[in-house]
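Position chain B against the provided structure of chain A, taking the given hints into account.
This is what each chain is made of:
There are 2 protein chains.
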Amino acid sequence: MTRVFDSELAELKELLLYMGGLVESMIHLSIKSLVEREESVGKEVYGKENEVNKLQIEIDDRCLKLIALNQPAGTDLRFITSAMKINSELERMGDQAINIADASKELLKFSQLKRLIDIPLMADISKTMVKDCLDAFVRADAELARSVLVRDNKVDGLKDQIFRELLTYMLSETKHIPVALELILISRHLERIGDHATNIAEDVIFMVEGQDVRHYQKDVR
Amino acid sequence: MTRVFDSELAELKELLLYMGGLVESMIHLSIKSLVEREESVGKEVYGKENEVNKLQIEIDDRCLKLIALNQPAGTDLRFITSAMKINSELERMGDQAINIADASKELLKFSQLKRLIDIPLMADISKTMVKDCLDAFVRADAELARSVLVRDNKVDGLKDQIFRELLTYMLSETKHIPVALELILISRHLERIGDHATNIAEDVIFMVEGQDVRHYQKDVR
Numbered sequence: 003m004t005r006v007f008d009s010e011l012a013e014l015k016e017l018l019l020y021m022g023g024l025v026e027s028m029i030h031l032s033i034k035s036l037v038e039r040e041e042s043v044g045k046e047v048y049g050k051e052n053e054v055n056k057l058q059i060e061i062d063d064r065c066l067k068l069i070a071l072n073q074p075a076g077t078d079l080r081f082i083t084s085a086m087k088i089n090s091e092l093e094r095m096g097d098q099a100i101n102i103a104d105a106s107k108e109l110l111k112f113s114q115l116k117r118l119i120d121i122p123l124m125a126d127i128s129k130t131m132v133k134d135c136l137d138a139f140v141r142a143d144a145e146l147a148r149s150v151l152v153r154d155n156k157v158d159g160l161k162d163q164i165f166r167e168l169l170t171y172m173l174s175e176t177k178h179i180p181v182a183l184e185l186i187l188i189s190r191h192l193e194r195i196g197d198h199a200t201n202i203a204e205d206v207i208f209m210v211e212g213q214d215v216r217h218y219q220k221d222v223r
Numbered sequence: 003m004t005r006v007f008d009s010e011l012a013e014l015k016e017l018l019l020y021m022g023g024l025v026e027s028m029i030h031l032s033i034k035s036l037v038e039r040e041e042s043v044g045k046e047v048y049g050k051e052n053e054v055n056k057l058q059i060e061i062d063d064r065c066l067k068l069i070a071l072n073q074p075a076g077t078d079l080r081f082i083t084s085a086m087k088i089n090s091e092l093e094r095m096g097d098q099a100i101n102i103a104d105a106s107k108e109l110l111k112f113s114q115l116k117r118l119i120d121i122p123l124m125a126d127i128s129k130t131m132v133k134d135c136l137d138a139f140v141r142a143d144a145e146l147a148r149s150v151l152v153r154d155n156k157v158d159g160l161k162d163q164i165f166r167e168l169l170t171y172m173l174s175e176t177k178h179i180p181v182a183l184e185l186i187l188i189s190r191h192l193e194r195i196g197d198h199a200t201n202i203a204e205d206v207i208f209m210v211e212g213q214d215v216r217h218y219q220k221d222v223r
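Quick mapping for you: the protein sequence lines, in order, are chains A and B.
For this note's numbering, count along the first sequence from 1 and bump the result up by 2.
For this note's numbering, count along the second sequence from 1 and bump the result up by 2.
The list treats identical chains as interchangeable, and a pair is accepted whether it falls inside one copy or across any two copies.
In silico EDC-like links for lysine to aspartate or glutamate, alpha-carbon gap of 20 Å or less:
#  : residue 1 : residue 2
1  : 107       : 162
2  : 111       : 162
3  : 45        : 97
4  : 177       : 167
5  : 15        : 26
6  : 107       : 38
7  : 56        : 97
8  : 67        : 211
9  : 87        : 60
10 : 129       : 53
11 : 56        : 211
12 : 116       : 167
13 : 129       : 158
14 : 87        : 97
15 : 133       : 51
16 : 34        : 97
These are calculated hints, taken from the structure and not from any lab test.
In isolation and in its complexed conformation, chain A is listed as follows (with noise of 0.2 Å):
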């Protein structure tokens, strides 16, 4: 391939990484505005929210340019097929983030039900397996992917012990429903993030390895 080639799939790394950034902050803010009880924190999470769009769309169209105009083959075409998937991954990882504000905005109607602990540790294992799961894609590290797998495992645990926890809110006090379910939702979109970091994961270890954990996370983890 050129070496025109070889700068533009450079390029298209750098693009990622700047999308998935910028997603990493669109969950870092969506959780802030929910703990700091702040709407306009959450008005930001909207406005980049913008940004990532429009990045996807350029994005793809990249891909599909460097795919019709260089017609790679082997590891190149892997690698720019991969490219395309991650970055609906980003995109959708950006949509959880925005029901996140959402439902943070919501909240702001309620009284506080109690200090948040372990939605916010979620949160911060998920921003790290979204920054980790691309810089695994760009340096095609396996090895860093694996560990994207085993704290999926850790949110999936939290998203467990998060609902057990609010659930005895609700027994103890109807009055906390409102407030306890939407908290229950905000867990649930932080494990759909973790889920796409996986996604994403998976697919880094296929493209190194050429070996498919798609369907196989159990022996993984």
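Frame of chain A; chain B shown alone:
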């Protein structure tokens, strides 16, 4: 392109339609196991998931080979990359049907809260969305794809209606909370199936008209 290439594209279409049929039946059976409270019906869903997972890997491989060996451009290339996206959307719909089957099994531990009406209705609409987004894809029918986007609004409306109704059950009696919560989560799984069908429909419109509707849904609906 060669005749062999054309017949391989036709096979790809057939495989995706077959996979879509499996996913439809997974949705059907998971809801049947919920409504009829039959664990054995739910078990069939898990068997079909295995088949869906195998198909996902096969279709992905075929797409990569089709690109690498035929170096398509333009419409053909876009068709194959769309097939790859649709493939992963279908697999995720299958995952949601599994979530519903799991929840239905969990619900067998409790007595029935109410006769279910809106959830089966939501499932019926979702199934037509799965069928029609795939038909729209293989026939390159943007009109049919648009009708899927319209139905997604109905699904979202039903989801909100279900949420409000179940909230009243929870508020009236704390003992209803665990069952109502599972039913709310089932409605969210159906919502996600609708979202995946919508993603496919948007991709079809993009493929047919070269028009990116992914972030302009509000105008379309």
